[in-house]
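Line by line, the protein sequences are chains A and B. Oh and the first sequence: position 37 is 37 in our numbering, straight run, nothing missing. Oh and the second sequence: position 78 is 78 in our numbering, straight run, nothing missing.
For the record, the hints were derived by calculation from the structure and aren't laboratory data. Even glycine gets a Cβ: it sits at the ideal position worked out from N, Cα and C. Honestly, I wouldn't trust all of these hints.
[To be verified] Examples of chain A residues toward chain B, derived with CB under 8 Å:
#1 GLY41
#2 LYS42
#3 GLY43
#4 PHE46
#5 GLU70
#6 PHE72
#7 THR76
#8 LYS79
#9 PRO80
#10 LEU101
#11 PHE103
#12 GLY106
[Stated by the list, open to error] Think about it this way: if two alpha-carbon atoms lie no more than 27 Å apart in a straight line, the pair counts; the simulated DSS-like pairs of lysine-lysine are:
#13 B:LYS64 with A:LYS68
#14 B:LYS66 with B:LYS20
#15 B:LYS66 with A:LYS105
#16 B:LYS64 with A:LYS69
#17 B:LYS14 with A:LYS42
#18 A:LYS63 with B:LYS14
#19 A:LYS105 with B:LYS14
#20 B:LYS41 with A:LYS105
#21 A:LYS59 with B:LYS64
#22 B:LYS41 with A:LYS79
#23 B:LYS64 with B:LYS41
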Amino acid sequence: EDQVTQSPEALRLQEGESSSLNCSYTVSGLRGLFWYRQDPGKGPEFLFTLYSAGEEKEKERLKATLTKKESFLHITAPKPEDSATYLCAVRLYSGGGADGLTFGKGTHLIIQP
Amino acid sequence: GAVVSQHPSRVICKSGTSVKIECRSLDFQATTMFWYRQFPKQSLMLMATSNEGSKATYEQGVEKDKFLINHASLTLSTLTVTSAHPEDSSFYICSARSSGGNTGELFFGEGSRLTVL
């Protein structure tokens with residue numbers, strides 16, 4: 001049973017075309033939601049941690065928001081260098097791996113010049 | 001943010017040989033590190049938890065005699081793939097938590113691409 005679902009699986013945008021990536025989780029008891037960026041052949045790079053509904057965090061063209069059941073990663077006026085796979089992970093009060101996290105499968109984002 | 005380094009980034013070996021991958025936390029001490037596998041277009045799969053000074057804890061379905069983990073210091077964990085076979089070819093990634101307990105962010109290494117011929 002998938003506890004963390006990311007959508008869409010893949011997204012192709014034109015440079016400057018803003019959009020949002022979704023991460024939804026199906027269990028209650030969230031202790032933290034994490035966003036990572038992963039480039040091909042590289043390990044995930046930490047972006048944000050969100051802990052409570054209503055919280056928002058920004059970094060350059062990225063903004064992450066959190067509700068009780070999902071998180072959005074908003075990308076404003078993206079550039080080709082924003083192309084990557086974006087991973088979402090949640091830390092729950094119970095369950096998850098020994099690292100305490102449950103990962104989604106990621107959204108593969110391509111920004112075309 | 002915290003820096004985690006992996007070495008080698010790429011390794012090619014013959015079937016039947018053993019390969020060691022190192023994971024180092026460069027600017028913090030990590031009593032716990034984690035090892036993952038990642039197949040193409042799939043997310044990270046946790047293989048084992050590496051604990052400094054004690055035995056590693058393996059996830060269900062991961063062979064502990066196949067994937068040897070040693071965490072001899074607070075900044076170094078190693079994963080040895082023993083008697084590697086082509087099906088062991090994958091992207092191996094380590095991570096470490098930047099603070100104690102289960103509350104700090106996880107920082108990941110750059111990954112090691114293993115190809116077994």
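Can you name, in rising order, the numbers of the hints this structure does not satisfy?
-> 5, 6, 7, 8, 9, 13, 16, 18, 19, 21
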